[in-house]
Amino acid sequence: MIYRIVISHHQAPYLERFSKSFQFVAVFDNMDSSDKDAVENLGIQDIVAVPQKGNRSLNRNLGYTLLSSVSPLGMDDIVEFYDGDRVPQTYDPEYVERTIRENNLGVLLYTCEKDTRKSRYLQGESFRIVDTGSIVNPFYSCGFAIKVSALERIREFNGGDFFRTEFTGWGCEDQYTGLVCHHLNIPVGLTDRICLLGDVGGDSDWHLSYRESLQEYINMALANNLDIQP
Amino acid sequence: MINNPAQNIHTDYATDDVFRPKDANSIVDCVPYDYVITDKMLEAYYEEHVVTDPSMFPVDVAELFGVHYPETTVDSMGIERKSKISVMIAAHTTYNNRFDFQTGFPPFFSASSDPDQELHVYSRAPWTLCRGFHHAAVFIHSHGETSCVSLDCANDILSGQTPMFVGSYRTDMASTPLVWGNSAKFTFECLIAGDPITKTSNPYAIIEQRAWLSNAIGGDSSVVSGHMYLVDTKTPDWYRDRIGKNLTLSKDDTTIDLVEMPTALHPLDISGAVSLDWYTWDIVPHASQQTATANTNTVLYIDSDSLREGVVYEVGLHIMNHQVEGSDRHITVDNGVLVPPSRVDSVSSPEYKIAFYQVVQGTAVPQYVYEWSAGSMQYATNYAIEIRKHWNIPDTVSSTATATLAEIAWGRALFTKLGGKIVILKYSP
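First to last, the sequence lines map onto chains A and B. Read in our numbering, the first sequence has 69 at position 69, and its numbers run on one by one without any break. Read in our numbering, the second sequence has 392 at position 392, and its numbers run on one by one without any break.
A few of these clues could be false.
[Claimed, not checked] If you anchor each label on the Cβ, the simulated ranges turn out as follows:
#1 A:G124 <-> B:G420: 28 to 34 angstroms
#2 A:R155 <-> B:G419: 27 to 33 angstroms
#3 A:R17 <-> B:G420: 46 to 52 angstroms
#4 A:S209 <-> B:G420: 24 to 30 angstroms
[Unchecked claim] Every beta carbon over 10 angstroms from chain B, so not counted as near; a handful from chain A, in silico:
#5 K36
#6 N41
#7 S71
#8 Q89
#9 R101
#10 S126
If you are wondering where the hints come from, they were derived from the structure by calculation, not from laboratory data. Keep in mind that this is a model prediction, so the values were computed, not measured. Ideal placement from N, C-alpha and C gives every residue a C-beta, glycine not left out.
Next comes chain B alone, as it looks inside the complex (with noise of 0.2 angstroms):
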């Protein structure tokens, strides 16, 4: 385990940040964790605790790390106990990963009522948060194509000003939903890394995450922030076959399509929240596609008829892609390497548009789609918004270019449903 506190990273991450997994993934190794949880570790708790007593599992982690908070100001490890506490869960899945934060007596993290308390914990393997939602904040950073974690805290409430940060490449809510209150803040963030199409035997993030808004019990001014990447590792030919067709999901809640037509989709309940900030990589194309034509289409569809009369709701788009550090261009990922454009292809104009289904219940196909035309703000016949980006894949790179992460395109808009019609008030850009 690498503990390097003399390294100056930036590790406390405000819930109004834009938190990306590939920069948790790179700085993950580095951060000086307060508390790290190893196999020995659990292998020890099983044999004192849940061989002769079940109900000490799911794991208190109080017990785990002989930590009571407030009582003890050092812990067993000599580390000062302070408000903002660190865990790498660095065990493999042998125990069934499934934590309690919060039972122990007193719990591991008090549940005062100190607004600055925050428990953040990192992860590479899955594992279940089975309580904790009552600490002042809860920031959950897992990394890595298997990171999944799990909430499983049926009645835990999630309420006032608490904050709830879940970056993981895949997120599971148990069947009993997280009650939301009001104020609540949720943000979730998933990386997708691998072929969305044929890897049908592991859902994939944004599905668990549709189900967890679906599931949750929202509060009326609740928030809820979702990011999603999609990290391509596929070869230049699975890109070019797939160029200028819309990112969607598909009906059967499976699986992540991409289909030439919007049909058969399944859109977004955002019935939990009044904000949703969506994030996704764009999928550009291939240096070797001489003649490329953009991705026109990256559309995030949302349930009109999950939405709450009279509420104004609004929703940010957001494309990613790497950019070249000092320019406004971008070059592919190919395999996790980045792959430097040969030549200049000019991309103009992809379209990234948001757009509101009406489900009919009964019919696999949505009744209508609506489209948008230009101008600012619209009447309730046009009932998405538009984002538009010119950019240039450029002339050459350097093999040696460095790229970052960036965010090339976005779009916001506030809309409303009266009378059972969806009225754009207001969109950008």
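The following block holds chain A by itself, in its conformation from the complex (with noise of 0.2 angstroms):
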């Protein structure tokens, strides 16, 4: 079964785009007034969490432990993880789950309407197992579904977080948990089969700390001696 986590930044609008025929839990970063508004319409409201703000990673475990609690997942099942405004486009629930199951993969990955991992891992073909083991990797979180299975492993890998909740900067706790799926030997696969709503991977916004951001996340890869390849 796929069960799907939304993290939702001001983004409740897109909401009911992704709730239909999907248990989903929806996880709100800062929630304001269109939020609940939302929320109100969707009648999500026993499950929806307000952590603290801006901690993606944060928000993501406390998306998982949520539908843990109200949902029994089994090591099969798949979660789907997405950012509030990656709406998939085109979506097949059977694709999904037989392309996990048939490439044996921990994870797999979806892209989006604008996506320069399309040219870059793709090369035209509709899906391929990718590597994350490189400090520059694949793994986006914007919008992907991860096999309960492999979740748990990472999670007994970090100490019990799914994501770092170390990083707080833009674009590195997704970058370092494919670093570690390439440290535990789980699976990655790519497709442009489930394309998202929006543009990623050419972010030309320049976040004035992300250096340090990235300092830390090459400091936490070597400390934790996870395998780089440059």
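Since each chain sits alone in its own frame, please combine them into the complex, following the hints.
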């Protein structure tokens, strides 16, 4: 079975498009009045959380904890994580389950409409198993599916966390998770059959503290003896 | 000496500001200096002190001014002491200007813990700062083609949050390295005016500053920001001959060379820093060249062997030019005079690069030159960033058009070295 966790940062208008036919947890980052209205309209108030502002790792981890508390998850179940505005434009749940099963994947990464990973990793194919052992790797957290068994292995390696909550800066927690998958021999696939709204990979937004975040990322990878392929 | 305190001029540059020597040239005569050093003052100082006691040279500025901080709140010139002091060196080179701002008992400017203290020194003539790094902040504003500051501050420690800011045509450094502490911030500027090829008798700032960086003993989190401006004083023919070629350093460290291919280079050693912003002057076709092709490659070369393993570096390359007011168009400079183009010459997509060289000891030519490909994040085989900006020379520009120095293109890269290989972590734009 597939479950959904959506991390919404003032992106409540998109939530309705995530909710159809899925049991899902919406985790609100810095909830405001528009979010509360959306929650009320969608009737999902029982499983809404308002966690620490800005820490998406913490929010995703909390989303998984909440989902586990309301739905007994089996090791073969699949959990999808989405950023709040990454609505699937093309989606096929049977494809997701079959691709993960047939390729023995732990993680299936989805792509966005404009996504530099398509040309770099897929190279014209719809699906490929990708190497996430490089310091710059294709593990983006904007939208992906993960088997509960793989997620639990990552949690065990990280001492209880799925995403490492030390990373509060932009764009490091998912790259680190990619390294961990490689380290734990968890196969990761990338597909463009599931296409999400929006652009990724070409982000020209320059975060002033990004150098420090990247330094933390590399320091943590080296400190945990992760096998990094330059 | 012009001293015009009534004029409202921004002079309190923060360390993060973009300090532009050309701007400084225009305002420096209007700064209300607190102190001025003249030839007559130095003559008197020599006769009174140095003749009888050679140890009084370099010039003890506290003694020169007769001011000892903080014992007096009003100096001998009747000016109230304050935490930010501006000094103008208006003397010539007769006395081999060497100034010590810190040795006096007590010194001219306190080495106190007041974080707001700033010492600003302006000069047209070459001079040497012998001591003074212990001040909370030191700002050196030199101007003119012959301006030069020599930093002869062996064993001075640039540390903590202390910023050191040097804006000068040329910056020399003594052979004994300056010691950098953690979190030290050093910003240098230079203005290169003249022919970088034929004027070999005068080493240029970029060379001196490169040596500066190499000699400095860097702290883990020290930050160096280097800005270089090339101001063209040459004829259009001079430029026409050189359009489309790379601006690089030659290996012998004595000249700046313009070469067609990136060979025999001396890349920049940034081992003393984790962050570097490099400003350079864009060379554009002159108006008379009707079928102009752009200077297609402006490249900052970095010595990859100088990078420390696992350290994340951030390098920005900024391309400067005069920008016609209110437009995204640029005009040339000829012998210091803005020359509007006479017609449209579309100059498409110049490229600006930051490239990495692996220097192999004992060989004149770097072993590898890494290029990049299109895309955002790059794998290890692509070792440079690219800046593109399309710009056009305007149809017509009024002969009275005003232009300001502006950044017309920029690029920024975050990279690290892992397992001996450089990895681009992010670049923009």
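Original post:
Among all the numbered hints in the text so far, which are the ones the structure does not match?
Top reply: Hints that this structure does not satisfy do not exist here, as all of them hold.
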